[in-house]
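**Q** The residues making up each chain are set out below.
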Amino acid sequence: MTKRNWISYAIISIFVFLVCGFVILGRSYDKTEVNGVDKETGRSIIKNKGSDTMVNLAQAWAEAYRGVADTVSVEVAGGGSGTGVAALINGTVDIANCSRQVKDEEKQKALENTGKEPIEFIVGYDALAVYVHKENPLDKITIPQLADIYGEEGNITKWDQLGIANSGCKSDKIIRISRQSNSGTYFYFREALFGKARDFELGSLDLHGSKDVVEVIGRTPCAIGYSGMGYATDHVKMLEVAITSDEPYYAPNLENVIAKTYPIARPLYMYSLGEPTGEAKAYLDWIFSEEGQKIVEELGFVPLESK
Amino acid sequence: MKFFQICFSFRGRINRAAWWLLNLPIFTIFAISVIAYDFPTKISLGFIPLLVLAWVHLAVTAKRWHDKDRPTWWVLFHFIPLIGVFFLLSAQLSSGLWILIYLITIINGLWTLFELGFMKGTEGSNQYGPDSETSSESIIDVYISLCGISSIVFVFGIFFFVFKEGAGFLFGGLDIWEFLTSEEWYPTSQVLKENSILGEPEINKRYGTFALILGTFSVTALAMLLAVPFGLGAAIFVSEFCSPKLRETFKIVIEFLAAIPSVVWGFIGLTVMNQLIIAVFNAPIGLTMLNGGIMLALMSVPIIVSIAEDALKAVPDSYREAAEALGATRWQVIYRVLLPAAKNGLLAAVLLGAARSIGETMAVLMATGHSVNIPSGPLSWIRTLTATIAAELGEVARGDEHYQVLFIIGILLFSITFVVNLIADLVIKGIRQS
Amino acid sequence: MNNNTDISSEAMFTETDIGRRNRFIENVFKTFFFIMTCLMILPLLLIIGYLFYKALPVLSLDFLFTNPKDNMQAGGLWAPFLGTIYLVVVSLLVAAPIGVFSAVYLNEYARDNWFTRIVNLAVVNLAGVPSIVHALFGVGAFVLFAGLGESILAASLTLAIMTLPVIIASTTEALKAVPMSFREACWNLGATRWQTIRRIVLPNSISGILTGVILQVSRAAGETAPIMFTGAVFYKAIAEGNIFAYNIGDQCMALSLHLYTISTQVPDVAEGIPYGTAIVLVGSVLLVNAAAIVLRVYLRTRKKW
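Chains as they are written, first to last, in our numbering: chain A, 43 to 349; chain P, 404 to 837; chain H, 163 to 467.
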């Protein structure tokens, strides 16, 4: 019996020793490997996450990039700008897409958490168009009018208050279409309409997707809504927008956005954690190339002006 | 042998089943820790349970060798792969030696697996103990008991983890009265409070869910209004008027109806029902409470039918025979005898149907218009508690107030459905006892 | 009728006014309930028919085996379809053993006491927890606490816990249907509890267990809310035709979420594609259900008691 016990102790000590050695060696072994490489396929993976506004764009880039660099696979996830920022802070993403600027305190958090500061890139512009049904006689609108339609205690609730007879809409009530309250689009539209002074009036239809907004407006003569200008369909009309009624009206199109005359346009950001290196840098460089920027335009966004 | 002896002792014998039963979970856990946690490249606290599991693995293996009348030190064969890996990692080896180590490792692994996992132990007792035929049963008993109580663990786990994420704000800052009674849902407001005292600027974020609660309950009520008559009517028809063959067919169809995923209902609400409501009711927009209510009714009707039918079937046939012997017609039997006798079961059916509607997410997210609104009629658009979580959880920063509020809504939903299910359960228990 | 004390045999077989009226009322109600039942079934046929009609232009085998392309405006369903299969298989691997053993515990081991009642109540409540609360749990427990991140594993575990009651309910019913005398006969031969379960109870209830497992598959395949935040992604390119294209620690696409995104978020999707996605989703779920039904009917005819 005593002999057998002695053997078990010996076995266990050998085991513990081996495991410890294994673990320590395993750690040093892993460091020699290139970061973010899929061990099975040998493909590098770039994790790309964030804004729902940009997800189509990011996805189109990812798809086209497979043709450019065969050994790189870009994983795209939507979920919203907030998700992207959160992933930056947690260090679980290589590139975050953001339709708003990352706040300083968020940058600080990311720096504390991961030791790297998010680096900002503007990869294109997005214009928020104001949409109405295609049979709506309204052609143009001013920012104060929009603020009165959407804002808390706003006093425009009927179409005839805008000076038009919307014959398709029997009740004449304006149906406000909006987005869920933490989407980047919602944030930006609110900022553009009334800065930080007011909130939206409750009771708007807060839809969950940019496409949803346009589709619903396309079926609803009473509706007004906002969404990226790339989402336009044949069933809706984009309004010309002016900052005040004294200023000229501008249609949401490429020239006006590049010339910065269209009032509700915003930059689209991508953030990398620390200065991009390796495959991530190559990917970003490709996005800034002519080929990458062409995709921006194809998707209804506005490419960088340098082009 | 007791479970703990089997796991940790190096004495005695066990059979193949016991070896597999303990090792399969261990292998799985190791595989998961390699895949998900990058074991062994990251050392963390999670490493300690892995060491314990490795001990269990060795103890079990030793006993399995005993079972084959082999001495304890045969466990050392297990270390050959580890030694191999050790060499591979530490030294620059020539390729010939590399292949040799590789081959030895593979052959050793296959051989031990075959011997331990597939070969019977010696018949009868040997120097290490009596025959091991039933030694796996105590393990199985433990496993089955663990699985049995898993539901309790999961229910508590759900409550605990949802609560954990939301607790910080629930006890630190959320005005619960305002949360339940205010209709102002401004989780992302940037407006400064007008009367902020002491000059400290305070952002006027408001987390009032009254409109959402009303939305949930009104759309559920509407769904029940539509589903209960149809569900009960169908249950009565299927259980009382049908031939057995027709009954089977109907039950299959109802099963199919129950199987349609909620996102498909939402899609139908968004595309088909939307246009239908615009056309029929001349409504400006078809994404309304009515739309969501119809979708929820269609989703909860199968539950109502199947539970109500069970309840009707549970009424003893002697009741029916007695009533028919008194000259009652079928309808009189149903109306005067069956419905009163089965009323608890029918109530439970309605309650469970309602619980399903309250908890439904995708269909209402897509079909009700998703608007913070005090509902004013079937054609008004509304927003429910579930849809709010689904729409907003994706974009909130973790740990944020808004994030925590969404989890608090989760607690609220959990509590509501828990209470409804509890009542339904008590009601059903009521029938069983009487 | 009761006042008639001297009913001749002739009068007994002629129809009275009351009898006729009663029969009429009965028929009215019968028809009424029949119509109600049909009104419930009609939507099913209409929906499937309509989806199928709208999806017809895109439906083909290619649709299933090509990836979504051109910003998901065209192409097929390969990546989401494979993702759904991964989610279902992994969740099945977790839920099936736990669910079956759990039912065995409730039916064969547990005594009729307060603890068993609590376990039963827990099963009922687990089934009643809203799917979005399961999602919150998945985020809190698997994604964050267990550190699995958003991955197939985290999503599958969430699905597994969500669908556990389906397996438990179906297995319990099957175990209950095995006559007590079978077990008693086995015990009298000196078999242990587990030997009885293994040799007698489980083989005789295999049909019910399989039905439960199949229903779990269909339930897990259709769910959206629990996987939205725990592991399913908007888009992920994978190799076409390679069934090992996903890694269990990665995120994946899923059919249900794909239907949601292309019907609410992706602009200019070709008309038939959302309908095609819906019909593939509904079709696979119903096929799986039909398999369960066929199995049930087939095994019932072979039942020997």
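Calculated from the structure, these hints are not laboratory results.
One or more of the hints may lead you astray.
Stated by the list, open to error - With a straight-line Cα cutoff of 20 Å, these simulated SDA-like cross-link-like pairs (lysine to any residue) come out:
1) H:Lys231 to A:Ile183
2) A:Lys89 to H:Leu306
3) A:Lys89 to P:Lys716
4) A:Lys336 to H:Gln235
5) A:Lys145 to P:Ser592
6) P:Lys654 to H:Met198
7) P:Lys716 to H:Leu306
8) A:Lys89 to H:Ile410
9) A:Lys302 to A:Gly320
10) A:Lys212 to P:Ala800
11) H:Lys338 to P:Ala717
12) P:Lys654 to H:Leu206
13) P:Lys654 to H:Leu207
14) A:Lys212 to A:Ile198
15) A:Lys279 to A:Ile183
Said to hold, decoys possible - A few chain H residues facing chain A, derived, Cβ under 10 Å:
16) Leu207
17) Ser222
18) Asp224
19) Phe225
20) Thr228
21) Asn229
22) Asp232
23) Thr358
24) Val395
25) Tyr397
26) Ile400
27) Thr426
28) Gln427
29) Pro429
30) Ala432
Just so you know, even glycine gets a beta-carbon here, dropped at the ideal spot from N, CA and C.
**Q** Starting from Lys231 (chain H), check that the Cα of Ile183 (chain A) is at most 20 Å away, please.
**A** Cα-Cα ~37 Å, so violated.
**Q** Holds or violated: Lys338 (chain H) and Ala717 (chain P), Cα atoms, limit 20 Å.
**A** Judged against 20 Å, a Cα distance of about 16 Å means the pair holds.
**Q** Report holds or violated for the interface hint on Asp224 (chain H), using the least CB-CB distance to chain A and a cut-off of 10 Å.
**A** Violated: closest Cβ of chain A sits about 18 Å from Asp224 (chain H), beyond 10 Å.
**Q** Holds or violated: is there a CB of chain A closer than 10 Å to the CB of Tyr397 (chain H)?
**A** 4 Å, holds
**Q** Hey, does the Phe225 (chain H) contact hint survive, CB to chain A under 10 Å?
**A** Since chain A brings no Cβ nearer than about 18 Å to Phe225 (chain H), farther than 10 Å, the hint is violated.
**Q** Would you mind confirming whether the straight-line C-alpha gap from Lys302 (chain A) to Gly320 (chain A) stays at or under 20 Å?
**A** Distance ~34 Å between Lys302 (chain A) and Gly320 (chain A) Cα, so the pair is violated.
**Q** Sort out whether Ile410 (chain H) lies within 20 Å of Lys89 (chain A), counting only the CA atoms.
**A** 16 Å, holds
**Q** Is the shortest C-beta separation between Ile400 (chain H) and chain A less than 10 Å?
**A** 9 Å, holds
**Q** Hey, does the Asn229 (chain H) contact hint survive, CB to chain A under 10 Å?
**A** With Cβ-Cβ at 9 Å, under 10 Å, it holds.
**Q** With 10 Å as the cut and Cβ atoms as the points, is Thr358 (chain H) at the interface with chain A?
**A** Not OK, violated: Thr358 (chain H) not within 10 Å of chain A, min 36 Å.
**Q** Please work out if Lys89 (chain A) and Lys716 (chain P) have their alpha carbons no farther apart than 20 Å.
**A** Since the Cα atoms of Lys89 (chain A) and Lys716 (chain P) sit roughly 56 Å apart, the hinted pair is violated (cutoff 20 Å).
**Q** So if I understand the rule, the pair passes when the alpha-carbon distance is 20 Å or less; does Lys654 (chain P) with Leu207 (chain H) pass?
**A** Judged against 20 Å, a Cα distance of about 15 Å means the pair holds.
Of the hints listed earlier, those the structure fails to meet are numbers 1, 3, 7, 9, 10, 16, 17, 18, 19, 20, 23 and 30, in rising order.
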